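A.B. asks: Since the structure of chain A is provided, determine the placement of chain B on it from the hints.
Sequences listed follow chains A and B, in order. Numbering-wise (this note's numbering), the first sequence opens with residue 1 and increments by one. Numbering-wise (this note's numbering), the second sequence opens with residue 1001 and increments by one.
Errors might be hidden in some of the hints.
Heads up, incomplete: computed chain A residues facing chain B, CB under 10 Å, no partners named [what the hints assert, rightly or not]:
{"id": "1", "residue": "Leu314"}
{"id": "2", "residue": "Thr336"}
{"id": "3", "residue": "Tyr339"}
Bear in mind the hints are in silico, worked out from the structure with no lab data behind them. The structure presented is a predicted model; accordingly, all values stated were derived computationally and were not measured. Glycine included, every Cβ here is placed at the ideal spot set by N, Cα and C.
2 protein chains.
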Amino acid sequence: MNSPRKTSRIGQLVQHFSQLIDQAELAQGARLPSIRAAAKAFEVSTFTVVQAYDRLVALGYVEVRKGAGFFVARTSPSLEQQRSTAPLADVYWLLDDGFHPAADALQPGGGGVPESWLDEAGLHLALRSLGRGSGRIADYGEPRGVLALRQWLQRHLGERGVPAQSEHIVLTHGASQALNMVINTLLQPGDCVLVDDPGYINLLANLRDHKVKIVGVPWTPQGPDVAKLDELLVRHRPKAFFTNPWLQNPTGASYSPAVAHRVLQLADTHDCWIVEDDVHGQLAQNHQPPLAALDNLQRVIYIGSLSKDMAPSLRVGFVTAEPAVAEALLHYKMTTGLYSSQLCEQLTLQMLNDGNQRKRYQKLRDRLLQAQVFARQQLQRIGWHCWAPIAPAPYLWIGSDQDGFDPVALTRAGLKQNILLSPGCIFRPDLEAAPWLRFNAALSEDPAVWCFLAESQGLKPSTP
Amino acid sequence: MNSPRKTSRIGQLVQHFSQLIDQAELAQGARLPSIRAAAKAFEVSTFTVVQAYDRLVALGYVEVRKGAGFFVARTSPSLEQQRSTAPLADVYWLLDDGFHPAADALQPGGGGVPESWLDEAGLHLALRSLGRGSGRIADYGEPRGVLALRQWLQRHLGERGVPAQSEHIVLTHGASQALNMVINTLLQPGDCVLVDDPGYINLLANLRDHKVKIVGVPWTPQGPDVAKLDELLVRHRPKAFFTNPWLQNPTGASYSPAVAHRVLQLADTHDCWIVEDDVHGQLAQNHQPPLAALDNLQRVIYIGSLSKDMAPSLRVGFVTAEPAVAEALLHYKMTTGLYSSQLCEQLTLQMLNDGNQRKRYQKLRDRLLQAQVFARQQLQRIGWHCWAPIAPAPYLWIGSDQDGFDPVALTRAGLKQNILLSPGCIFRPDLEAAPWLRFNAALSEDPAVWCFLAESQGLKPSTP
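For reference, chain A alone in the conformation it holds in the complex (with noise of 0.2 Å):
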């Protein structure tokens, strides 16, 4: 991750644009040059202006009229609103800058596990054992992945209570483009769909990108808000509830029993797809079944990786449903990508099947609790708190009680020293303000993490 920190040209304009116009030096009801013209006056592609007005309508603060060109939208008050509670156009910015970090900088706001966590010597070990072999892996395999992997998921999801037939189940190149099947399959623009509130961060971006239109179900620190699940599936009659039940990402809480069960009863009541976003069930498996374990597979559509938390670069996911929808899946997925890499599946199972899978998974079990425990216990001595139980997660979702906190401008002045902070509301649907963070609690290992709070709190930092 090497790549020099720059606001994407984009990104310039709209800043340049919504600037302009949150300052009425552009009027309402005003026309913005045309895109030629723009492209001229700025000196970039046409392409470069229609991205950036397509992002300044998605905002609010432009207006297309058929025929006529972009104009600057009459605003009224809950957009006011909704632009000074949440300055838009830069949470676009932090989106686009989060794909491009500068190589030096502290990321408490990141995804995943640290990359000194992973499993590099497994990877090796897989990579050198393969090389030796003579088998054939130089070839496309099969549309649905490698047959014996399959075979190693449907006993491992069996153990899980997962009825999962390996002709069945469609190997993806990771969880993320499991997801994205998922959504051109199920899914058409002007649907409704379900979401977490919050949820995850490129779900969500995917989702708007798709067009359809999202609701969130508010979170609470057991899972989704039922009596609101209930009221929401009634009032839009949604075509699909995307969740993320174990470990979630942003907040790094779980379903209770209770919930899961009664989730499952409302999908059903309600005709809705539950698609159980499972990436981090390798963690998890100490831990309750599965939704698709409690339905078997009826209604719910499973998603899960084998290499995120161990060698991400290997991009291995799966998605398993009934079989009807198993294979509109691998339809989906030949049509716009052809095969998975059999490669990596092989290298997969390679470490699968090495002997040490289940210490290496207990080991970055034990590494999140600890470093779950000290990043509370740093919080908790700087007047923070966090909002779910410790688990074994590398998230937390973190809030302060001090007055006047606000996480976007938080993590502006985090950008100023070269720490990347993920304010809440980039995980909500509409992008709505959260007095909330995202915190990694596997990547706040460095004390200038604890100073850049603590100062920000007016208090002086403890000595870790």
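C.D. replies: Relative to the frame of chain A, chain B by itself:
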């Protein structure tokens, strides 16, 4: 590729209803069973029925009346003709089946080079040498993909005249992901695009699913018919022309220099993007410069593969374009699938730098030319003809002068003998009939293929 061959349940339903309609057992205007009723009657899920009904609508058999259900379409003369000249339901079934060939099937209609020609030795060597190294390779890496591989591409493309900068190259999960990224970034449903006719089957399927208007540009053995291209650009004002100029799939033909120049001139005049799919660029590298070289990456978006001809299981492709387009493609890559596999990119780099790369491609070119010479001799002997001149490509576009020559009927006869052919119609934008087949010279060494073709012509085969 050892799944048993079977017709999908969706395909079975499509066949069932299309036959009833063809045989007038379901009259024009008759209502199809409701989705729930059909699901119950055929013991399949409602999801399967929806997919099958959608396919029947796409095939022109059925129409939807909003709120009322699915009805047998009233036929028009052109529809009648379409149905009689190409049994489309069968074609769809073939498409599905291509993904599940029987383990022992002969595949003279298949894609790519034979598995036994791939570079297993080079891949095994790369695994061992990366496995012995001490570099960090387990993490996600960079959003654009491994920098050293992008720098290799910058040099390599530079030598071919394409001025691609490493920061504007995005590595992808195979060239297929790159094509899909371009489709989703450039095109809105309802847009019009031009494609090669005949062209790449998976691209066509993807564009159809994306609900864009697809117009075919007829090919000559020297590339697209430029007079026709001019006419289509004027009439349809398409947003982009997706083309595969070198060793084209399915014909094996390439653009002549004059055609390359004229296509770019026309694209410029009519402000149309060119999406250059140069998936066999490594094979064609002694040939003319790519379109992207003539155009300096102004309106050409250039796609290639580094794994397809040597070790497809690596799934390493790339795309490059002007900076703003490259940035938009990167955004789409990350939103819908996150990172490409750093591991596969590192392995590809090992293979490219192991000192045997040039020799390997020369050997592959020689083998492909030999296979073409052999296949062309055999074809001539049994009275078939080849459309394009000889080239180091797997593909031949072949036809027969025999009366009543019917590629679809021949394909169906082949299936009974476990010989998979590819009738010309499946490579056409609207699956129009075509008196041709795609033939893979490199997959046709088995005498059974020649026996079958000769017998289908009423001739005795020669002994190879």
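A.B. asks: All hints are to be evaluated individually against the structure, with a verdict given for each.
C.D. replies: For each hint, the structure was consulted:
The interface hint given for A/Leu314 holds, since its Cβ lies 6 Å from the closest Cβ of chain B, which is under the 10 Å cut-off. Checking A/Thr336 against chain B by beta carbon gives a least distance of about 4 Å; that is within 10 Å, so the hint holds. The criterion of a C-beta within 10 Å of any C-beta in chain B is met by A/Tyr339, whose closest approach is roughly 7 Å, and the hint holds.
Consistency with the previously given hints is maintained throughout, with no hint failing.
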